[in-house]
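Residue numbers (my numbering), protein chains in the order written: chain A, 3 to 255; chain B, 16 to 274; chain C, -4 to 280.
Hints should not be assumed to be uniformly reliable.
[As the list claims (entries may be wrong)] Using 20 angstroms as the maximum straight-line C-alpha spacing, the simulated EDC-like pairs for lysine to aspartate or glutamate come out as follows:
| no. | chain 1 | residue 1 | chain 2 | residue 2 |
| --- | --- | --- | --- | --- |
| 1 | C | K276 | B | E134 |
| 2 | C | K169 | A | E230 |
| 3 | A | K21 | A | E59 |
| 4 | B | K157 | C | E244 |
| 5 | A | K244 | A | E230 |
| 6 | C | K169 | B | E134 |
| 7 | B | K266 | C | E159 |
| 8 | B | K25 | A | E59 |
| 9 | B | K25 | C | E159 |
| 10 | B | K25 | A | E230 |
| 11 | A | K118 | B | E182 |
| 12 | B | K30 | C | E170 |
| 13 | C | K276 | B | D26 |
| 14 | B | K30 | C | E88 |
| 15 | B | K30 | A | E59 |
| 16 | B | K266 | C | E244 |
| 17 | C | K0 | B | E119 |
| 18 | C | K0 | A | E230 |
In short, the hints are calculated from the structure, not lab data.
Predicted, not measured: the structure shown is a model, and the values here were computed from it.
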Amino acid sequence: MENITLSFKDVSVAYNADKLAVIHISADIQKNSITSIMGPSGCGKSTLLRAVNRMHELYPNIQITGSIELNGRDILSMNPIEVRRLAGMVFQCPNPFPTMSIYDNVLSGYALNGIKIQRSERDQIVETCLHNVGLWDEVKDNLNKRGSFLSGGQQQRLCIARALALRPDILLMDEPTSALDPIATSRIEDLLVELKKEVTIVIVTHNMGQAARISDYSMFMYLGELIEYDKTEKMFTNPSDKRTEAYLVGKFG
Amino acid sequence: MKSVTNRIFKDRLLKTGIIVLSGLSCVPLLLILGEMLLKGWKQLSWSFLTQSTPTSLEAMLAVNSGERIPGGIANGIVGTLIMVLIATAIAVPIGLLCGIYLSEHRKTRFATTVRFLTELLQGTPSIIIGIIAYLWMVVPMKTHSALAGAIALSIMMLPLIVRSTEETLYLLPASLKEAALALGSSYRSMVIKVLLPALGASMIQWDPTRPSSAVSLLIWQFYNDPNLNSMIWSASLFLLLFVLLLNITAKQISKKWRI
Amino acid sequence: MTKDKVFRTLLLGSALLIVLVCEAVFYSLTSGALPAFRSFGFFRFIGSSQWGVVDGSEHYGALPFIMGTLLTSFVALLLCIPFSLPVAFFVGEYYRNTKLASWVGGVVDLLAGIPSIVYGLWGFYAVRPFIVRIGLSQQGFGILTASVVLAIMIIPYAASLSAEFIRMVPQELKEGAYSLGATRAEVLRRIILPSSASGLVSSYILAIGRALGETMAVTMLIGNTNNLPLSLSDTGNTMASVIANQFGEADGFKLSSLIAIGLVLFLITAAINFVGHLIIKRNTL
């Protein structure tokens, strides 16, 4: 049980009363692993991921049923602002805060949550987090510059650092490399493999190669349902469902 | 570390404050409408709109014998109409042409200057345009006239027309312009046939307070003449309702015509 | 000449006409103001607070009116911010794209459409007695009364402009902040406000530009005296209201002085609007 970070129990998400985006999903996410969620667009993979971070609550009319447990706590009954601190999120497009310096971007989670920390501790956090995402050597002389001057890949790594700074239990990534070039993508992939020692990672991707390269476990979703969830190796070599196979050989999506 | 409940409390407090203050900001409209309705409703009638303003003496006699003041604001309404017509006839063609010019030459130095001057003209207070109309029209003609008012009004309308023309043309998809050129139509007919109908929507969104100036002037006269004082309210009520109606209609039309 | 050429000439001509109109406006104001400037000197005209016949000789100085304008506009701005900013947040963030926001936005637009004279009457018959009743002033006329009504008049303008800038803050940034556990209040303060700050500043600069030139309502409420206003309960005149009040029966030096005041007002509003638009352009290009 202690090897499980996140568990979905019969989770359904509805945009309207009659349109389910995610249908009765149950699954356990292993600790210190990378789990990728794949599927054609519109299959509900992003919706499921965003539900973990309670991002769906920013938009009205979205209903969620079932339960999601993070380290044994039911996050749907917690306050969203507490949940979001425990579950870090990285978005499709890099979104560093343009009005803040690189230094302040890393610490923005603390500032936004009104947490006061001492100067020395702040320096420590910034350095460790930027080290962790391999950005320290590139930006250490420009910490007071705006984050928006960085390249796309650097910006995305800054966003990962920003999420890591709050020491989340889990890192949720919503197609984090789809806006990046191949070189930046491969740097981020290497980084994620490094990071899984520290934090459990769930990544939504529609890049099958990426899922195969970095993830330990893979989920395949189709039309809101979880079709198959297995070790990545197993799924890519010997999928048990026909629809998974069809997707993997490129029949749809 | 601040407690979560404390932060949530602050969040709710801010939201409540924003809702309350936004609500308060809407209150003056109700107060003004209420005041005008309450005081002006009785005198507002068909004859009020179709008869012209009585002289101060007539009004005094009526008040002394306890009657309703005869007459209305027809002269103000007609004056406004004449002024708006003349001003539109002057400002619309010039404004349209200038707007088209600016949209065709977006980056040249001359166009930038013209755009800057249009902005300058738009921000110029109407009292200054009033001085200009006085210097240009009243002094040489030695009399106040609807024409002077119309000139002032057209100077105020001009920048609005130029800007909305330019903006509408700018927002128009380039494909539309190219399609018209590809069909071999000449430059002029392209602009007129393809671009102008799209302008309709924004044309109506002029500041509706400005054309009402002749009625405003009449109210000013009532306000300064103790005998005519009681006509203020119905005249204001009429002006207010007219302007609000124009405003709402403009919104509906622009919603329908939006491309 | 082909039809196309005629049309192109017309386009250029109309653009030239705008330039010409502006030059003519400036020229007329300057030449009208020249006698006043020549006899009093530009800086003495601006810096003197004498207005009228003193010791048998005419002397006109614009300082009381410049002061009156700046004071009323500034107080109106201070009174306007605590209402227009919440409206902007209401329409541009909290209830954006909802029916409620379009209703509130609609009401605010209607407020913007009310003619100045109606605001003046309402101020005279409703706001002024209220000011007298709460004991802020004996007659109820003065800087404060004018500023209160002026504030109500510029709230819609400032609110709809600033709502536009608040709406422009990208959703990704807000989501990024929410994902780190911020409450909406914290997102507002740390993300939305800094991101839209320059837009908000320019909105309020343009709102001041509006307030500076407002005439009718102010004329009816400010008390129309020529003294230098030093406190909120003082009566006075703004540049616009003194023109409106005294232009009708003025001639000679007085007329020239009033036109000179018009020129000064023109230059001040032009400068204010220029700065406002400059800030917007800097940040949208």
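Here's how the hints hold up against the structure:
1. C:K276 - B:E134: Roughly 13 angstroms between the alpha carbons, so the hint for K276 (chain C) and E134 (chain B) holds.
2. C:K169 - A:E230: Violated, because 34 angstroms separates the two Cα atoms, which is more than 20 angstroms.
3. A:K21 - A:E59: holds, 17 angstroms
4. B:K157 - C:E244: holds, 14 angstroms
5. A:K244 - A:E230: holds, 10 angstroms
6. C:K169 - B:E134: violated, 33 angstroms
7. B:K266 - C:E159: holds, 17 angstroms
8. B:K25 - A:E59: This hinted pair holds, its Cα atoms lying about 19 angstroms apart.
9. B:K25 - C:E159: Cα-Cα ~25 angstroms, so violated.
10. B:K25 - A:E230: violated, 44 angstroms
11. A:K118 - B:E182: Roughly 48 angstroms separates the two Cα atoms, so the pair is violated.
12. B:K30 - C:E170: holds, 18 angstroms
13. C:K276 - B:D26: Answer violated: K276 (chain C) to D26 (chain B) is near 33 angstroms, above 20 angstroms.
14. B:K30 - C:E88: holds, 11 angstroms
15. B:K30 - A:E59: With a Cα-Cα distance of about 17 angstroms, the restraint between K30 (chain B) and E59 (chain A) holds, given a limit of 20 angstroms.
16. B:K266 - C:E244: Not OK: K266 (chain B) and E244 (chain C) at ~41 angstroms, beyond 20 angstroms, violated.
17. C:K0 - B:E119: holds, 14 angstroms
18. C:K0 - A:E230: The given pair, whose Cα atoms are some 70 angstroms apart, is violated under the 20 angstroms limit.
Comparing the model with each numbered hint stated earlier shows that hints 2, 6, 9, 10, 11, 13, 16 and 18 do not hold.
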